[in-house]
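Peer 1: This is what each chain is made of:
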Amino acid sequence: QTVLRSSDTHPDGYPTVEAVKYFGELVKERTGGRYAVEVYHSAQLGEEKDTIEQVRSGVIELNRVSMAPFNGTVKESIVPALPYLFRSEDHMHKVMDGAIGDQIKKAFEGAGLVVLAYYDAGSRSFYNKQKPITSVADMKGLKFRVIQSDIFVDMVAALGANATPMPYGEVYSAIETGVIDGAENNFPSYDTAKHFEVAKNYSLDEHTILPEVFVMNKAAFDKLTPEDQEIFRQAAKDSVAKQRELWTAKVNESRAKVEAAGAKITTPDKQGFIDAMKPVYEKHVTDPILKKMVEDVRAVQ
Amino acid sequence: MDMMILFGVFTLLMLIGTPIAFCLGVASFATVLYLGLPPLVIFQRLNSGMSVFSLLAIPFFIYAGDLMVRGGIAQKIVAFAASLVGHVRGGLGQVNIVTATLFGGISGSAVAEAAAVGGLMIPQMKERGYGADYAVNVTSMAALIALMLPPSHNMIIYSISAGGKISIADLFTAGIVPGLLYAAALMVTAYFVARSRGYPTEAFPGFARVGRFLLISTPGLLLIGIIFGGVRSGVFTATESSCIAVLYALAVTVFVYRQMSWQDFVHATFGAVRTTAMVLLIIGMAAAFSWLMAFLKVPAALIDWMNTISENPIIVLLLINVLMLFLGTFMDMGPTIIICTPIFLPVAMAYGVDPVHFGVIMILNFGIGLNTPPVGAVQFVACAVGKISVWEAMRSIWPFYLAGLIVLGLVTYVPALSLWLPAVFKG
Amino acid sequence: MPISLVKTGRALSRLSTLSLWLAGAGLVAMTAIVAWQVFCRYVLNDSPSWTEPGAVMLMSWFIFLGAAVGVRENYHLGFDVLLYVVPKGGKKWLRMISDIVALAFGIGMIWYGIELVRLTWNTTLPSLQISGGWSYVPLVAGGVLISLFALERIVLRLAGEPIDDLLDEMPPAEVAAELDTANVKA
Ligand code: NA
Ligand code: NA
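Note that the protein sequences, when read in sequence, are chains Z, D and R.
The opening residue of the first sequence carries number 1 in our numbering; numbering runs sequentially from there.
The opening residue of the second sequence carries number 1 in our numbering; numbering runs sequentially from there.
The opening residue of the third sequence carries number 1 in our numbering; numbering runs sequentially from there.
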């Protein structure tokens with residue numbers, strides 16, 4: 001029996017962790033026990049940037065990571081990370097399950113990785129301790145912690161707010177004490193990081209609806225027999241349905257929990273936010289391939 | 001077998017005196033070779049284990065401490081403490097402890113504190129007829145207060161070892177009550193030991209002089225407010241506050257006290273480089289080591305083993321404390337925190353211990369280990385400054401050990417000592 | 001001592017001093033960068049995104065340089081109980097093993113550091129806009145220095161130089177720097 005090792009930064013029981021475990025069960029069952037998968041959750045093997053290097057160099061075989069850390073490596077991965085590009089989760093599913101999703105998968109092979117599946121990570125929105133955001137004008141002057149990504153920094157600037165880079169672990173006390181006004185994330189993270197305790201205004205601007213990827217080391221994948229490769233691909237596909245179901249349940253649960261704890265959820269007028277993105281697209285979408293992809297995404301109905 | 005290679009190579013190399021950093025690195029290297037994994041992962045963990053923004057606080061707090069010692073801040077605090085408590089039984093011993101408490105509020109390194117306070121106090125104490133062993137033991141035990149009171153870079157190491165999810169501001173706040181309790185316990189012990197040995201007291205210099213010394217030492221003492229107040233009120237993050245401490249210490253010593261020469265500055269900088277390079281290399285190597293512990297699922301095995309012994313949280317905590325005291329005897333604080341946190345924290349949490357509370361227990365526990373031979377950095381410094389051997393110090397350190405262990409027991413079994421103050425700040 | 005050894009020793013000594021100065025400059029620069037970050041947030045109300053990764057990269061340079069100097073100056077913390085009890089002849093060989101271990105690890109740092117640089121060369125670090133490979137260059141540089149300094153000790157010992165007697169007279173490793181400070185003020 002060959003044991004394949006997979007990393008995840010989320011804790012045990014999280015939808016992505018459970019989905020990869022489910023994938024492992026299917027693979028074990030369908031290969032008659034020749035392959036098994038062991039999931040190392042809670043960032044036991046390192047943060048995403050590190051585990052990406054580990055899976056690329058073959059230290060581990062599998063990895064569930066978000067797409068953002070690939071922006072500097074696989075340029076096509078920038079497209080789904082562009083702010084306000086997807087109109088809804090449904091739109092994102094159609095794009096990623098279709099030809100554009102396949103184009104991105106192909107691009108990952110250049111980095112030595114086979115994309116087995118795209119998983120849901122919901123939509124990211126801003127939350128802050130000062131006031132509910134109803135229009136883009138309300139963003140002016142607020143300080144937000146964002147992830148280390150130039151697109152995010154530029155997006156926040158384009159909205160009239162200030163981006164403050166900061167380690168994730170310092171965010172809670174930074175909001176609490178007022179070093180920053182807020183941050184941005186999906187409902188489950190807003191909940192589990194307890195940020196709702198200190199930043200009560202969650203504004204559903206849904207700036208990104210960025211899926212996560214489940215990847216396999218390409219050399220390890222190529223070593224499989226064609227039949228096994230098919231089993232792996234199908235098991236991954238089957239795990240997607242499971243992950244989306246778990247994810248929806250998780251989002252609803254987290255949303256109910258933060259609302260019960262007094263978080264105020266508003267839905268701002270998104271058009272102002274979308275209009276403000278022009279300079280961001282002009283700066284980051286200069287490559288003809290990316291330009292074409294953006295048009296294709298917008299054309300998907 | 002794989003676990004045996006990891007721990008076996010580590011122990012073997014450590015016994016022959018190889019620097020701990022290389023013991024950790026080479027043991028991990030050997031295990032990865034045995035497992036047939038690409039060895040590259042060891043060097044990646046080494047690199048990214050030390051490339052963490054929150055870790056910047058370690059060089060900064062150490063640097064600030066070196067600058068404060070070189071630039072005269074420590075001397076002013078001794079003068080103030082001497083005027084304040086010199087007339088209490090055990091006189092200069094009490095001065096030593098109060099100085100350590102005040103200095104501990106602006107410095108996070110017990111080794112630097114033992115050097116600073118010891119360098120100033122031990123010669124004076126010997127001159128005034130105190131036994132060198134008494135002077136050394138008071139110095140080394142009082143130096144541990146720096147670990148408990150904010151700032152404490154060992155608490156930052158703990159927070160990072162726990163995955164960065166524990167609030168550093170909460171840890172800093174949690175250490176205050178236990179730190180002051182520990183200081184009080186030492187003062188009582190110093191009082192009784194001094195009485196039995198018939199040590200002198202100093203004359204009380206009058207409130208006017210106390211006020212004058214307070215005024216002189218105020219620019220240095222203000223750093224307590226700047227660091228703690230700054231972190232708590234949101235002027236800056238814990239990491240940023242450490243940088244501000246460096247700038248402030250530099251400003252006070254150069255412009256207010258005017259004791260910082262270029263030579264002093266260069267020496268303080270090199271001192272900070274040496275100490276932090278040593279500490280952070282160990283942290284990086286330990287990141288590789290703990291990656292393998294996670295890979296081999298060592299913590300889970302330990303929890304299973306603990307469960308076979310007892311399921312009673314009181315017994316489990318006692319067991320963890322004994323294990324940690326044992327490890328602290330043989331190892332230095334930073335690496336022990338890094339190695340033990342991923343192992344013991346999940347166990348403690350499984351028995352309902354708050355991670356902030358556990359951090360305080362661990363810091364005090366390994367702090368005591370800094371004063372136990374064969375590996376006790378603080379004790380070595382104090383002995384070297386007092387020019388006595390470790391064995392001479394050991395003969396009369398027992399009352400102080402006892403005080404430390406009593407406080408450790410209180411801190412372990414009364415969570416409110418650690419958790420009450422952070423709760424107050426949260427409102 | 002052969003003249004070639006003397007010359008190499010002098011060159012390595014200069015290299016070690018240079019590394020220490022560079023590391024010290026790195027520490028000062030790190031302080032300036034983080035101070036700049038605080039200043040920007042409060043005064044300019046705009047935080048630069050390069051300060052955090054920039055300071056972290058400087059930190060890894062200064063750690064690896066300082067750590068390499070530590071190999072030469074012998075200030076790395078070890079558990080040296082056995083060294084106190086074994087006879088002189090045996091001690092020499094225990095130290096020899098430790099130096100070989102350091103040399104081997106230094107070579108590993110070079111070899112796998114280069115591999116990591118190659119693996120990440122085509123990635124871009126956000127905010128800094130330079131190749132991700134630069135994150136691992138300090139690892140390689142540190143490996144080169146550690147190997148050189150460990151090798152120097154091994155060669156000197158094989159040449160019969162009394163370096164272990166010198167090491168015996170040093171105070172316990174990490175205590176030395178702080179003692180220096182204490183003695184100045186006492
Ligand atoms: Na302190
Ligand atoms: Na000890």
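Hints in this document: simulated from the structure, not taken from any laboratory.
It is possible that some hints are incorrect.
To be verified - Simulated crosslink set (DSSO-like; lysine-lysine; CA at most 30 angstroms straight-line):
#, chain 1, residue 1, chain 2, residue 2
1, D, Lys-126, Z, Lys-194
2, D, Lys-426, Z, Lys-200
3, D, Lys-297, Z, Lys-223
4, Z, Lys-131, D, Lys-297
5, Z, Lys-94, Z, Lys-291
Peer 1: All hints are to be evaluated individually against the structure, with a verdict given for each.
Peer 2: Here is how each hint holds up against the structure:
1. A distance of roughly 54 angstroms separates the Cα atoms of D/Lys-126 and Z/Lys-194; the hinted pair therefore is violated under the 30 angstroms criterion.
2. Under the criterion of a C-alpha separation no larger than 30 angstroms, the hint pairing D/Lys-426 with Z/Lys-200 is consistent with the structure, at around 15 angstroms.
3. The straight-line distance between the Cα atoms of D/Lys-297 and Z/Lys-223 is roughly 27 angstroms, inside the 30 angstroms bound, and the hint therefore holds.
4. Simply put, Z/Lys-131 and D/Lys-297 have alpha-carbon atoms about 45 angstroms apart, too far for the 30 angstroms limit, and the pair is violated.
5. For the hint linking Z/Lys-94 to Z/Lys-291, the alpha-carbon distance of about 19 angstroms falls within 30 angstroms, and the restraint holds.
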